[in-house]
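**Q** Residue strings, one per chain:
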Amino acid sequence: MFESFQHLITGFGIALTIHNLFYCLMGAIIGTLVGVLPGLGPIAGIALLIPATYNLNATSAIIMLAGIYYGAMYGGSTTSILLNVPGETASVITCIDGYQMAQRGRAGPALATCAIGSFIAGSIAILGLVFLAPPLAEAALAFGPPEYFSLMVFGFIVLCNVTGSSLIKSLMMAVIGLIIGTIGLDPVTGVARFTFNSMSLLSGIEFVAVAIGLFGIGEVLANVEKPLEFLEGTVLVPRLRELYPTLQDFKKSIGPILRGTGIGFGVGLVPGPAPVIATYSSYMVERKISRNPGEFGKGAIEGVAGPESANNSACQSAFIPLFVLGIPFAPPTAILLGALLIHGVSPGPLMIGQHPALFWGVIASMYIGNFILLILNLPFVPLFANILRIPKKVLLPLVILFCITGMYTVNNSVFDIWMMLLFGGIGFLIRKLDYEGAPLLLALVLGPKLEVAFRQSLMISHGDFRIFLDRSISMGFLLATLLFLLIPVFRIILKSAGKGGGPTGSIGGNKG
Amino acid sequence: MSRDEVIGGTLAFFFGAAAAYFSLKMPIGTFRAAGSGLFPLGLGILLMGLSLVLLIKVYVQAKATREKTTPSEVPRSAKQVILFVSAITVATLLFKPLGYPLVSFLLLFALLRILGMRRWVYSLSLSLLTATGVYFLFVLWLQIPLPKGWIGL
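One line per chain: the protein sequences are A and B, in this order. Here this note's numbering is used: position 147 in the first sequence is 147, and no number is missing along the way. With the second sequence counted from 1, adding 512 to any position gets you this note's numbering.
Incorrect hints may appear among the rest.
[Claimed, not checked] For lysine to aspartate or glutamate, the following DMTMM-like pairs were computed, each having C-alpha atoms within a straight-line distance of at most 25 Å:
hint, chain 1, residue 1, chain 2, residue 2
1, B, K591, A, D470
2, A, K449, A, D470
3, A, K288, A, D249
4, B, K591, A, D434
5, B, K569, B, D516
6, A, K226, B, E517
7, B, K569, A, D434
8, B, K569, B, E517
9, A, K432, B, D516
10, A, K449, A, D464
11, A, K495, B, E517
12, A, K226, B, D516
13, B, K575, A, D434
14, A, K432, B, E517
[Stated by the list, open to error] Looking from chain A toward chain B, a few residues come up when the C-beta cut is under 8 Å (computed):
hint, residue
15, A52
16, L56
17, V175
18, T182
19, T189
No lab work stands behind these hints, which were simulated from the structure alone. Every value quoted in this text rests on a predicted model; they were computed, and no experiment measured them. We treat Cβ as the ideally placed atom computed from N, Cα and C, and that holds for glycine.
Excised from the complex, chain B in its bound form (with noise of 0.2 Å):
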């Protein structure tokens, strides 16, 4: 817990660090007439000494209660995680070579095997059948103009 907002903290620090540091490369101004970095810069400010607060907070805290490590009550899966990220990924960098019908076949095809459906019928059929709904829905019912790529649909 206690490494987690560290993490936390520290991260949104460095946002705070970096948002100042680029507002100082606008106009900032006077409070009368303010420049568009002004703002920006207080925020990135306020942000950075939030974090120092969570950060100070946290320190103190760790230091009076000893840490104490509560094992996770659901085991967690990385990989699947990895997994599917990648697979969204890919299927927005063929988003428009490919077009969407078959991206969104390919897609629930790939995401309901890292899912674990085993069967290789269900997951096709089943994909291939939820695809040709959804292209009905969008393109078209709701005339939404989505690439057609090269299968050309």
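One chain only, chain A, in its complex shape (with noise of 0.2 Å):
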């Protein structure tokens, strides 16, 4: 415990440089925009900005995109309090209650009670990665190849159960992920699969062109689909002095504040669209325990509280699974992971002892990068309120531009932006099918992952697939997932118990 102290120490050190502390701002800052503007979220905006880093060194550059990460999370709160309209699925929970204090005239301390909780939230969950993270690296090396499959089947599973209107069509998305990623070289013995003699599939299909495709270009072609007058919206913008919220209203938020980040700490850890999970869970706990239950949906403080931080500390504890397993559990940790990959940083068990220097001055800048966005927030909400005001008709073709730049500066290739319109338009039909996009693309990112740890698994057993449920931890994912794939189906018998019997309109989960 006092080695990683010291060891947080030294990372401090290398986030505090000038070079880290303007790339942790420029994080902030860009992650708080993406967050505001509805329509881009965290996944397109680290996807687009990815090119952007490429000269930096790798712990600079993580130290950005975590930062967009994690701003994106404190900007989505203030457009679905100012306009009902969450800028980033996990603020949905915040527009109940955020937007009923907005309309009583209480959007300013709707936003900096927001802000508040999300600082105190991130900051105590990064102490919760300080500390847990590096023991459980140690345990994570007792991890093989059966031990992995399984923990990456548990992750599709209780995703595909939480995401989307139907646990099969989740499936079925993450089945698409996985056959797309096993386009370009086999990684076991090299033959070249489904690339059909074009060079440019040998490698791949990027998935820098899959996701700002399937979340930049498809959630544009949405809006677009909209007449002209569903565009523009009417935006509420708070003045400065009417910003801060009462000894009273503090008072009420700091139990749900502290309450939010316990929640959130622990949802990170789990497979799963975490923050999305947390706000939920959180909102659900506070209406329980409330004094006064019939206050939440009216513009109950509470209720912009609890699920804000636990929104920040599921971001910050979501860290844990990609750095320790390697394993993102969300799609916009996938992106980080590929980001990681690129500037040749293999996340595991290994990487506290290999990349000192990345790993705790990543997250020494995410302490830094609270700091500096409850700065940005409190203030500056006005500022970021009437960004909200440029008209979306000037906003999407400028959202287009940037995706075809960023686009061709990865590979400075025409070819992948071909990729990019062809999944954009992918995109743009799996919202019109009511289908999810984040599981395909945790599958495409985890695909060659999980097809490695499943052949090499099987090259150990001498094909006998018993070797996944010999093994105790690899049995234990097994069993979870069994335990969530069965969750649907007595919710099924329960419903049409209590009906008498008629059919039910969808399995899965809540909406994500």
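Using the hints, put the two chains back together into the complex; each one sits in its own frame.
**A** Written out as structure tokens, the structure is:
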């Protein structure tokens, strides 16, 4: 524990250099912007900025990209409160009470509570990251290919269970992602697969093209489809002096903030779109234990403080599986894994020992980033809110231009732009058909790892599938997977029993 | 809704079938020493199975509840999307021959017009200003090598 503390101080030394501070600030500002602008979430934001980090060292690059991720979480709440439009999916819950507070002229305290809650949650979660990651990395050294395979299967099933309207449809997207992930050279034998004699496909489908296509272009096209009058909206811009919460507000919020931090931290450690589940769970808990549950939905500050803190805390703890196991459990961390690989860093149990400057530098930068975001978000909220006044008909063409430029710079290749456009079309189509892009993207990034783990396991066991059950950690993950698969079935049985045997609308979890 | 489900399920089924078909042309090997086709073959079959489950579920539900047609809450403009995508496609085709600065200006101008910016002066000046700003940002400041095209900028 003392050792971790020492390393953290070294990390602060790295993060506090002028160079890294600049990139942390850039990440925080870009992240807030990305979060504020509806239609441009953290996934497309990080993917777009990856090419801009090519000339940087890995530490500065990840400091900036991580800043975009947690910065977007701060920014996302601004649009939820002022516009009733969530900037990204994790802010959906904040809309409920945040917008109601804004309607009652209390937008300022709502925004300030978000920023303060996020800061407290982020700071506590980073401490958890510091002290939990090293021992977990040591434990993860016991993981062999069967454990990694079962863990990844578990991750997919949990993610599919909680995203979208239907488990089957999310699973289909994950399998499509896995198939797309097999395009290119076979990681074990080097045979070309599904390349159809194209040289450009030999290195596989560029995941940045899929990310920008599905989440950037797809979202823009979905917006373009709406009639022109839907592209405009009215924005409430609070004045600076209205921003500060009263002592009463603070007293009401501190409990939800601390509980939200705990819930978020726990949820971030397990597979799934952590911020979404964390905000949802925190809201439910706060409503359940509140003395005035009737206030919820009508502008209760607890309904803003809890979920926003949970959101930020989950966002920070989601870095633990990424750094310690090398396995991202949600698309934003999957994109960060891609960025780490591009910079020659392979996350996993050995990363803390092999790249201590990067690991501790990035963690310390998150703390600094949280502080920067607090400063950015309190006095500059009116400024960010004004950005929302840019009409969408101006914003959407600009997003397209940024997507094309960003995509070209990845490999200086027009082929990648075509790929991005193809996935943009797919992204548009899956939105129309009510599918989710998140499982596809995660499967694309994890696919090659999953296949290698699967084939290595079978090589070790001479083709015997019992290897996945004979090893206790692997069996534990598979049992948990089975449990998650059975939850929707139980839900259907319970529902139909309650209704007297009628069929149910959808299987799957809450809307992501 | 149900029609969308059928379209989605059918498309996914054929995607899975294509993946399985092309995987069979690769070495399959055994479980002990898997060839490069085994994993995608398994995935193709799995996707076909999942799509079938979805299609059966949709069929059973449609029979049980009788199709409920819910009118779309927002009117959609397919023409706008087609024009928008066409403009991006043409811009990508001209990306190398015309060069980045010119293509970015033309693309912005076209997209602004498609999205309903009626005044020529506004859309021209806005696209010129933005394209210049983006050129300064990417080419001059970030020094990203973007195609110069025949205008040579």
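**Q** Now look at each hint and say whether the structure bears it out.
**A** Verification of the supplied hints:
1. B:K591 - A:D470: violated, 58 Å
2. A:K449 - A:D470: Distance ~21 Å between A:K449 and A:D470 Cα, so the pair holds.
3. A:K288 - A:D249: holds, 19 Å
4. B:K591 - A:D434: With Cα atoms ~21 Å apart, B:K591 and A:D434 stay inside 25 Å; holds.
5. B:K569 - B:D516: holds, 13 Å
6. A:K226 - B:E517: holds, 22 Å
7. B:K569 - A:D434: holds, 16 Å
8. B:K569 - B:E517: holds, 10 Å
9. A:K432 - B:D516: holds, 8 Å
10. A:K449 - A:D464: Given pair A:K449, A:D464 holds - Cα atoms ~20 Å apart, limit 25 Å.
11. A:K495 - B:E517: Given pair A:K495, B:E517 holds - Cα atoms ~22 Å apart, limit 25 Å.
12. A:K226 - B:D516: Judged against 25 Å, a Cα distance of about 19 Å means the pair holds.
13. B:K575 - A:D434: Holds, at about 21 Å.
14. A:K432 - B:E517: holds, 10 Å
15. A52: Holds. Min distance 6 Å.
16. L56: violated, 11 Å
17. V175: holds, 4 Å
18. T182: holds, 5 Å
19. T189: With a minimum Cβ separation of about 5 Å from chain B (threshold 8 Å), the hint on A:T189 holds.
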